[in-house]
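Protein chains: 2
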Amino acid sequence: MPPTTVTATAVPGLPEIRAGDDLAALIAARVTTGAEDVVVVAHKVISKAEGAVVPLAGVEPCALARTIATRQHRDPRQVQVILDQSSKLLRITDQVLICRTHHGFVCANAGVDASNAAHEDELIVLPADPDHSARRLRMGLPGTPAVIVTDSFGRAWRNGQADVAIGVAGLRPLEDWRGLQDSAGRALNATWIAVADQAASAADLVRGKDSREPVVLVRGLGRHVTAADGPGVQPLLRPAATDLFL
Amino acid sequence: MPPTTVTATAVPGLPEIRAGDDLAALIAARVTTGAEDVVVVAHKVISKAEGAVVPLAGVEPCALARTIATRQHRDPRQVQVILDQSSKLLRITDQVLICRTHHGFVCANAGVDASNAAHEDELIVLPADPDHSARRLRMGLPGTPAVIVTDSFGRAWRNGQADVAIGVAGLRPLEDWRGLQDSAGRALNATWIAVADQAASAADLVRGKDSREPVVLVRGLGRHVTAADGPGVQPLLRPAATDLFL
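In order, the protein sequences belong to chains R and D. Each residue of the first sequence is one higher than the one before, counting from 1 in this note's numbering. Each residue of the second sequence is one higher than the one before, counting from 1 in this note's numbering.
Here chain R stands alone, though its shape is the one from the complex (with noise of 0.2 Å):
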């Protein structure tokens, strides 16, 4: 048996993404995709596709966002955005809001962000559907590979960002082991494993300082993918009856 091996490859030289375009073509006329290969996206380039940006000029800030504004000293129409985008504040600081989004992702200012947008008066947001996302670019690639959409989370008790799945298509996101026996015959105790979401974390590996490759091919994944689209991100997200942090 050849050794297990795990490899996340850069899909290179995509353009620019901007609204409308065929992202499912760019990537194919790039690389080769196969059945057993797990292709993850950078969320931005599907809301960039997808037209998911709000320009700024149309926003109109409430009482709340000209009070977080001023104390966070952004933008006021940024803060409406992100209070547009969540169900729930978690977390309000001088410098972020830790929200819970529509989608029911956790994360710093539910999503939104400045950089990377097109243009310097619109915001970049969430897919609105992100496993939807991924479902209509896995039907688009040759061989309908899985597909993960991806953010770059932060996390609790620990710094720095690790990409996390947000959008999933034909796999298996967790790999249930509980239950199971460890080689000495007990039961295995923490054994719930995250793969979508650390097969993101492996794909940003391979980004870049300057080029941060928004598409990355990951191979050797073959035994999580499956041949339905499956059941998406919301195995991964822990509902709020039964979390401890929210």
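Because the hints were derived from the structure by calculation, they are not lab data. One or more hints might be untrue.
Derived coverage of chain D by chain R (criterion: at least 3 residues anywhere in the stretch with Cβ under 8 Å from a Cβ of chain R; other residues may be distant) [said to hold, decoys possible]:
| hint | stretch |
| --- | --- |
| 1 | 8 to 14 |
| 2 | 40 to 49 |
| 3 | 157 to 167 |
| 4 | 197 to 207 |
When the alpha-carbon atoms are kept at most 25 Å apart in a straight line, the in silico SDA-like pairs for lysine to any residue are as follows [said to hold, decoys possible]:
| hint | chain 1 | residue 1 | chain 2 | residue 2 |
| --- | --- | --- | --- | --- |
| 5 | D | Lys88 | R | Phe245 |
| 6 | D | Lys88 | R | Gly143 |
| 7 | D | Lys88 | R | Arg238 |
| 8 | D | Lys88 | D | His119 |
| 9 | R | Lys88 | D | Asn159 |
| 10 | D | Lys88 | R | Arg91 |
| 11 | R | Lys88 | D | Asp243 |
| 12 | D | Lys88 | D | Val53 |
Each pair of labels, with its calculated beta carbon distance range [unchecked claim]:
| hint | chain 1 | residue 1 | chain 2 | residue 2 | range |
| --- | --- | --- | --- | --- | --- |
| 13 | R | Gly20 | D | Gly143 | 47 to 55 Å |
| 14 | R | Leu89 | D | Gly208 | 38 to 46 Å |
| 15 | R | Leu89 | D | Glu36 | 42 to 50 Å |
Please read all numbers here as calculations on a predicted model, not as lab measurements. We put the CB at the ideal spot given by N, CA and C, even for glycine.
Using the hints provided, position chain D relative to the given structure of chain R.
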């Protein structure tokens, strides 16, 4: 320029590790390590080699341990070992303790695990100083590659576990792009990358369901590798004073 690629390969055929084993020699006999490589090691084999195990026979549970054990239907001595490893208890539920360990890691049950222990009457605990363990292993390996010692941690807000770094040697654990500009000349917002944690997660992807190879060789991260041992894991730990969820 060739495409950027990161490869993670499991080191095959390691025997069951026992106290006093020379882990570096066992790894070096099975794989060729170079100065730009990163060797990722699940802490359990480090803990076993270092004898970081606690025999339950000598443990005297305190009143708090007994109370928690009754609520959680577990051995009060096991709870006592968890308390001994903790500097703070963040949450107590019917199933789990969320602890801050003396090292500063926040995780379930302070990293104490009964599964994979050599004997049913002992518990594996985290290495006393995982950075020291990483440095020692690094020095023992041909080419002095970078070393990351890992554990599988649950996450706030997300289901499943992802591997993170708990000890680091010869690797910049974080890549800091804050203050740099994106391709359009705007400040990059969210660009403080937890390289060591993402490498830990990438390595975990190659571990098989049955095999669970504890050592994984990661190639392609040369730009993060350093000649000196460096700061270890500390930069990855959010200081308590600025942590929003402690």
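Point to revise | Stated coverage of the stretch 40 to 49 of chain D by chain R [criterion: 3+ residues, CB within 8 Å] | key: violated (count 0)
Practice item. Could you grab the alpha-carbon distance between Lys88 of chain D and Arg238 of chain R and see if it respects the 25 Å cut-off? Key: holds (23 Å)
Point to revise | 42 to 50 Å as the expected CB spacing between Glu36 of chain D and Leu89 of chain R, which holds or is violated | key: holds (44 Å)
Practice item. Test coverage of the stretch 157 to 167 of chain D by chain R using CB-CB distances below 8 Å; three residues minimum. Key: With 8 residues close enough to chain R, the hint holds.
Point to revise | Hinted pair Lys88 of chain D and His119 of chain D, Cα distance within 25 Å | key: Distance of about 28 Å is beyond 25 Å: violated.
Review point. Between Lys88 of chain D and Phe245 of chain R, does the CA-CA distance stay at or below 25 Å?
Key: Distance ~16 Å between Lys88 of chain D and Phe245 of chain R Cα, so the pair holds.
Check your understanding: Under the criterion that the straight-line Cα-Cα distance not exceed 25 Å, is the pair Lys88 of chain R, Asp243 of chain D satisfied?
Key -> Roughly 19 Å separates the two Cα atoms, so the pair holds.
Review point. Can the restraint linking Lys88 of chain D and Gly143 of chain R be considered satisfied, given a maximum Cα separation of 25 Å?
Key: violated (50 Å)
**Study point:** 25 Å Cα cutoff - pair Lys88 of chain D, Arg91 of chain R
**Key:** holds (21 Å)
**Study point:** Within 8 Å of chain R (C-beta), three or more residues of the stretch 8 to 14 of chain D
**Key:** holds (count 5)
Practice item. Would you check chain R against the stretch 197 to 207 of chain D, counting CB to CB pairs closer than 8 Å, and say if three or more residues qualify? Key: holds (count 9)
Review point. Do the Cβ positions of Gly20 of chain R and Gly143 of chain D conform to the proposed distance bound of 47 to 55 Å?
Key: Distance hint for Gly20 of chain R, Gly143 of chain D holds at roughly 50 Å.
The earlier numbered hints that this structure contradicts are 2, 6 and 8.
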